[in-house]
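The listed protein sequences correspond, in order, to chains Z and L.
In this text, residue positions in the first sequence follow full-length UniProt numbering: the first is 1, and each later residue adds one.
In this text, residue positions in the second sequence follow full-length UniProt numbering: the first is 1, and each later residue adds one.
If you are wondering where the hints come from, they were derived from the structure by calculation, not from laboratory data.
Where is the CB? At the ideal position from N, CA and C, for every residue including glycine.
Be aware that a few hints might be false.
Claimed, not checked - Just some of the chain Z residues that point at chain L, by a computed CB distance under 7 Å:
1) 158
2) 164
3) 167
4) 168
5) 169
6) 172
7) 175
8) 208
9) 252
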Amino acid sequence: MRSMFSFRAEGGEFIPPSSKDFVLPPIFGDNEFTTKPIFLVIFSVIIISIFFIAASRKASIVPSKLQFAGESVYAYVRNDLGKDIIGHEFMRFVPYLFTLFVFILTNNIFGIVPLIQFPTMSRISFAYVLGIITFAVFHYVGIRHHGIFKYLKDILFMPGVPKPVYILLTPIEIATYLIVRPLTISLRLFANMFAGHLLLMIFILGGHHLLEGAIGLKLVSPFAFAFGIAITFFEFLVQCLQAYIFTLLTALYIGGALADEH
Amino acid sequence: MSRINEGAAWTILGYLISGPLFWGGIGWALDKWLVTGYFLPIGLLLGMGAALYLVWLRFGREG
Numbered sequence: 001m002r003s004m005f006s007f008r009a010e011g012g013e014f015i016p017p018s019s020k021d022f023v024l025p026p027i028f029g030d031n032e033f034t035t036k037p038i039f040l041v042i043f044s045v046i047i048i049s050i051f052f053i054a055a056s057r058k059a060s061i062v063p064s065k066l067q068f069a070g071e072s073v074y075a076y077v078r079n080d081l082g083k084d085i086i087g088h089e090f091m092r093f094v095p096y097l098f099t100l101f102v103f104i105l106t107n108n109i110f111g112i113v114p115l116i117q118f119p120t121m122s123r124i125s126f127a128y129v130l131g132i133i134t135f136a137v138f139h140y141v142g143i144r145h146h147g148i149f150k151y152l153k154d155i156l157f158m159p160g161v162p163k164p165v166y167i168l169l170t171p172i173e174i175a176t177y178l179i180v181r182p183l184t185i186s187l188r189l190f191a192n193m194f195a196g197h198l199l200l201m202i203f204i205l206g207g208h209h210l211l212e213g214a215i216g217l218k219l220v221s222p223f224a225f226a227f228g229i230a231i232t233f234f235e236f237l238v239q240c241l242q243a244y245i246f247t248l249l250t251a252l253y254i255g256g257a258l259a260d261e262h
Numbered sequence: 001m002s003r004i005n006e007g008a009a010w011t012i013l014g015y016l017i018s019g020p021l022f023w024g025g026i027g028w029a030l031d032k033w034l035v036t037g038y039f040l041p042i043g044l045l046l047g048m049g050a051a052l053y054l055v056w057l058r059f060g061r062e063g
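Could you build the full structure based on these sequences and the hints that come with them?
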């Protein structure tokens with residue numbers, strides 16, 4: 001995020017936002033572990049904890065509004081993402097799925113919360129870490145469930161195929177399970193957050209730039225801001241959707257690893 | 001039922017990416033090595049075909 005001051009100092013030229021705007025300087029000195037995304041992650045953990053502790057502290061049969069809100073999210077993840085997809089062993093994975101969903105959702109929504117306005121997952125490393133955790137979980141579950149040899153055999157050798165064809169197919173299976181799955185799940189989350197934030201910057205900074213221009217340009221700038229607001233609502237949709245898709249894919253992969261035959 | 005289809009859709013997408021990626025990659029490497037130009041398209045087609053075949057094997061046979 002660039003400051004308005006440097007923006008003015010650049011003179012009349014409009015410099016469109018770029019990927020450089022995502023590299024934020026450290027907050028304390030030059031310790032690179034104190035950048036805004038890191039604090040946002042810590043902050044998200046704190047507010048999620050407070051919210052769900054408060055929501056479940058005085059649990060009663062007739063729920064308060066807060067308890068109802070917390071339980072709706074939990075029930076949604078448990079039933080729609082856990083039970084429907086993973087099957088009868090789903091309860092073991094609900095804590096992970098729930099944590100994942102709420103964590104990603106909160107960090108995504110940071111992108112449109114005033115004063116914060118930075119989606120943590122638009123820095124790719126955060127998305128990679130989540131992808132790697134999911135990758136480790138679903139392979140571990142599969143290996144524990146089937147034993148390592150049967151699990152690998154199920155993945156690598158599709159039944160009912162003439163043997164020479166395996167030369168063609170097995171590399172694709174390996175690439176799918178070991179590279180494409182963790183990579184696409186991370187990239188999908190990252191790219192959506194990155195592009196969304198870039199889009200918002202273009203409309204808001206563009207509107208600001210027009211406002212500083214000639215009178216004719218000043219008149220058009222409200223349209224840019226209006227679009228910025230519309231995009232903000234659209235981004236909210238994307239942010240929820242991406243948290244959902246990441247969790248859904250994790251559940252699908254776990255369900256696939258537990259399935260008895262592919 | 002729609003949930004199972006949803007899972008199938010993502011798996012199919014994965015195959016369709018990794019097929020051309022792997023065999024196209026092999027073709028590209030062969031082109032670099034042998035200084036030719038036709039292994040990359042062959043690899044891409046081969047990968048796409050193999051990926052479609054895998055999709056059929058996994059989801060088409062059960063009917």
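A quick look at each hint next to the structure:
Annotation: interface hint on residue 158 of chain Z holds; nearest CB of chain L at approximately 5 Å, less than 7 Å. Given the 7 Å rule on beta carbons, the hint for residue 164 of chain Z is violated: about 12 Å separates it from the nearest Cβ of chain L. Of the supplied interface hints, the one on residue 167 of chain Z is violated, with its beta-carbon coming no nearer than about 10 Å to a beta-carbon of chain L, more than 7 Å. The interface hint given for residue 168 of chain Z is met, as the beta carbon of that residue sits about 5 Å from the closest beta carbon of chain L, less than 7 Å.
A distance limit of 7 Å between C-beta atoms decides the matter here; for residue 169 of chain Z the minimum to chain L is near 6 Å, and the interface restraint holds. The interface hint given for residue 172 of chain Z holds, since its Cβ lies 5 Å from the closest Cβ of chain L, which is under the 7 Å cut-off. Restraint check, residue 175 of chain Z versus chain L: the minimum CB separation of about 4 Å is within 7 Å; hint holds. Taking 7 Å as the C-beta cut-off, the interface hint given for residue 208 of chain Z is violated, the closest approach to chain L being about 39 Å.
With a least beta-carbon distance of about 5 Å to chain L, the hint placing residue 252 of chain Z at the interface is held under the 7 Å criterion.
In this structure, the hints that do not hold are numbers 2, 3, 8, in rising order.
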